[in-house]
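What follows is the residue order along each chain.
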Amino acid sequence: MPEENVRESEHQAQPPQARRGIGRREVLKGLASVPVLGLFVYGLLKKRSLDESRRAQILSELGLGEAPAVLPKTTGKKAGELIRLGIIGFGGRGEDLIRAAGFAHPDWVEQKRRDAEKNKLDKWLEDWLKQEDLNIALTAVCDVFDVRAERGLAASKNEVRPGGTGAPLAGAKRYRHYQELLASKDVDAVIIATPDHWHAQMAIDAAQAGKHVYLEKCMTRTEEEVYRLHEAVTRSGIVFQLGHQNRQQATHAKAREIVQKGILGPITLVETTTNRNSPGGAWVYDIHKDGSPQTIDWEQFQGPAPHKVPFSLERFFRWRCWFDYGTGLSGDLLSHEYDAVNQILDLVIPHSAVASGGIYFYKDGRDVPDVFHVVFEYPERNLTLIYSATLASNRNRGKVFMGHDAAMEVGGVLTVTPDYESTRFKKKIEDGVIDPSLPLFTYHPGAKGIDAVTSASEQYFASRGLLYTYREGKRVDVSHLHIKEWLDCIRNGGQPSCNIERGFEEAITCHMATKSYLEGRKVLWDPVKQRIV
Amino acid sequence: MTSQTSPSEKVTCSGWQLGALVALRMLIGWHFLYEGLAKLLNPYWSSSGYLLEAKGFLSGFCTSIVANPTALRLVDWLNIYGLIAIGLGLIVGCLTRPAAIAGAVLLLLYYLCNPPFVGFKYSSPTEGSYLIVNKNLVELCALVVLALFPTGRIVGLDRLLFGPPRIVDPQHA
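Order-wise, the sequence lines are chains A and B. The opening position of the first sequence corresponds to residue 1 in our numbering, with each subsequent residue numbered one higher. The opening position of the second sequence corresponds to residue 1001 in our numbering, with each subsequent residue numbered one higher.
The set of hints was computed from the structure by calculation and includes no laboratory data. Honestly, I wouldn't trust all of these hints.
[Claimed, not checked] Quick list of in silico lysine-lysine cross-link-like pairs, DSS-like style, CA-CA up to 25 Å:
1) A:Lys123 to B:Lys1055
2) A:Lys46 to B:Lys1039
3) A:Lys118 to B:Lys1121
4) B:Lys1039 to A:Lys47
5) A:Lys427 to A:Lys261
6) A:Lys474 to B:Lys1039
7) A:Lys123 to A:Lys474
[Unchecked claim] So these bits of chain B aren't anywhere near chain A, every CB distance computed over 12 Å:
8) Tyr1034
9) Leu1074
10) Leu1078
11) Leu1108
12) Leu1109
13) Leu1112
14) Gly1152
[Said to hold, decoys possible] Example chain B residues on the side facing chain A (calculated, C-beta under 7 Å, incomplete):
15) Gly1060
16) Ser1064
17) Ile1091
18) Val1092
19) Cys1094
20) Val1105
Source: prediction; values computed, not measured. Glycine is no exception: its CB is placed at the ideal position from the N, C-alpha and C atoms.
Next comes chain A alone, as it looks inside the complex:
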């Protein structure tokens, strides 16, 4: 309907040409809606003022700003100080770590290029190429499986890398035995990413050879190895970093700040979990078609394993399923959860551990449980830490810190929710300043960023804070940051965040859980004798 047809009665008898100028009545009608705008502005200012005042009251009550988490400082590289790196164990995790250090296999680059073409949100390659150049050379690769060793060599020569100039790289030399690698004068520092049963011996040998060590978790396979490794590292003076990359997670630093400010009140219970529901998640990895006694040095692989068995592709590729080589859910995944809680609460070693579980779903010949729970008691801290895991359900359960005044859930995002019966917030809840049905505080470092998480397993790791974090709004691989921290300490001194002392606490705690499960009893930590009893 044309505009001209909407009319008001007073103008029906007054042709527009008869009107002269703009009368008072015209102005009033023209501006009739302006008071509504005034009302809007008044309402807006009042709402803003109330919101700001509520926020300021809450933040002042919490003593907390919205500033980013206070992250551990690492110093920049000194020019020209190249660090020559060796890798022992170029399996899945070894390849991840070397990529985080700046060297990717060409196949990965190609795959990620294709992924980015298919899905414009996939920024893995773009983010990786923007990663800081750590000023290192990958000079040595050692793996008992020829295919993986070759992959390592190819990665070391790939000039497509962060800070890459396109100039050909010298590349690494392959060593068939790790001791030959450690004896090399071309290696300053090593990353050890082998199965757990080799961790202690290799790290001890590396420390004795004066090589700095980045060691994957679990730090050792047995309790006895913990003491030997601790002594070797502390005596040698090398820089040691345990591979708990989630220590670089911005939400963990913020969580620590929140706990230290007492916002949660007395914390009596911490619950951490692992849930997975896929063969890959349960360590049933693919068996490589080229795996054979001719391509795998089986004797060297078995090494310090307590039970020697004939060549087994299944045991080689799925070693996490056997206590001979790994530590099951305890050292594999509880390890990450415990270390995160230790980082946030300074828990150290528990007073006692009681574990239970069983092989309830993956009856595939493994001897490590696929359902596993452990209760750690910290009577001096008036706190219990519970870990509970299943490999046959994906139900998401957060890492939750339960305090009298508020509960905090920590992962890639951090949320603090007030308790409606809190003592600290009682008055504010009564006054309506704090609404106990809403989060008190949410910290999402990458809120403006885009999470291009593509697979279920990536989603799992990302939700636990194990894949990436944010620095100044940019997504960064936490493994890259963890390796960088280690390298910075090698160059400039100082101790990395997951040094041998934190590693000692992690390994003893995990072994307490394993021992309790295997022996079917409650185990205790004797702080005087420094032994599990």
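Based on these hints, arrange chain B on the given structure of chain A.
The following block gives chain B in isolation, referenced to the frame of chain A:
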């Protein structure tokens, strides 16, 4: 609102009908203006979450916007200032018809990005239950009505800018 019983009869609009139309215009304007200002004042707001949720034929287009930081910034900017400009226009009755049309187009885009069609599921919770018709669609239709029955030249700045509406006798139109 109009009585149009035969082609020869004049179209008339009572004070109540006019008042209802102006009220509708101002309420929608208020809603748009506050939506725009709330986004402007929230440093963490981005349209990326909404665009990533897109379903239907616009989903690919929405995803490509999110994948391009410049495009995303532009869309965020257009959203914020588009909502503010439309809201202001509707409240004070300035360029009422273009504002109503622009608002309807914007709502149509919102509707097509996240249509409440059978089989489409969204991870972000909605504040109601919908089947094909949602609040965006209802508000869109209301803006179409306002575009067809613009009131800014009767009550609003358009009256000062363009003068009151011309009188048309349908018998001679």
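Status of each hint after checking the structure:
no. : hint                  : in the structure
1   : A:Lys123 to B:Lys1055 : 22 Å, holds
2   : A:Lys46 to B:Lys1039  : 17 Å, holds
3   : A:Lys118 to B:Lys1121 : 23 Å, holds
4   : B:Lys1039 to A:Lys47  : 14 Å, holds
5   : A:Lys427 to A:Lys261  : 19 Å, holds
6   : A:Lys474 to B:Lys1039 : 22 Å, holds
7   : A:Lys123 to A:Lys474  : 11 Å, holds
8   : Tyr1034               : 7 Å, violated
9   : Leu1074               : 15 Å, holds
10  : Leu1078               : 17 Å, holds
11  : Leu1108               : 20 Å, holds
12  : Leu1109               : 20 Å, holds
13  : Leu1112               : 20 Å, holds
14  : Gly1152               : 9 Å, violated
15  : Gly1060               : 9 Å, violated
16  : Ser1064               : 6 Å, holds
17  : Ile1091               : 5 Å, holds
18  : Val1092               : 5 Å, holds
19  : Cys1094               : 9 Å, violated
20  : Val1105               : 19 Å, violated
In the structure shown, a violation is registered for the earlier hints numbered 8, 14, 15, 19, 20, in ascending order.
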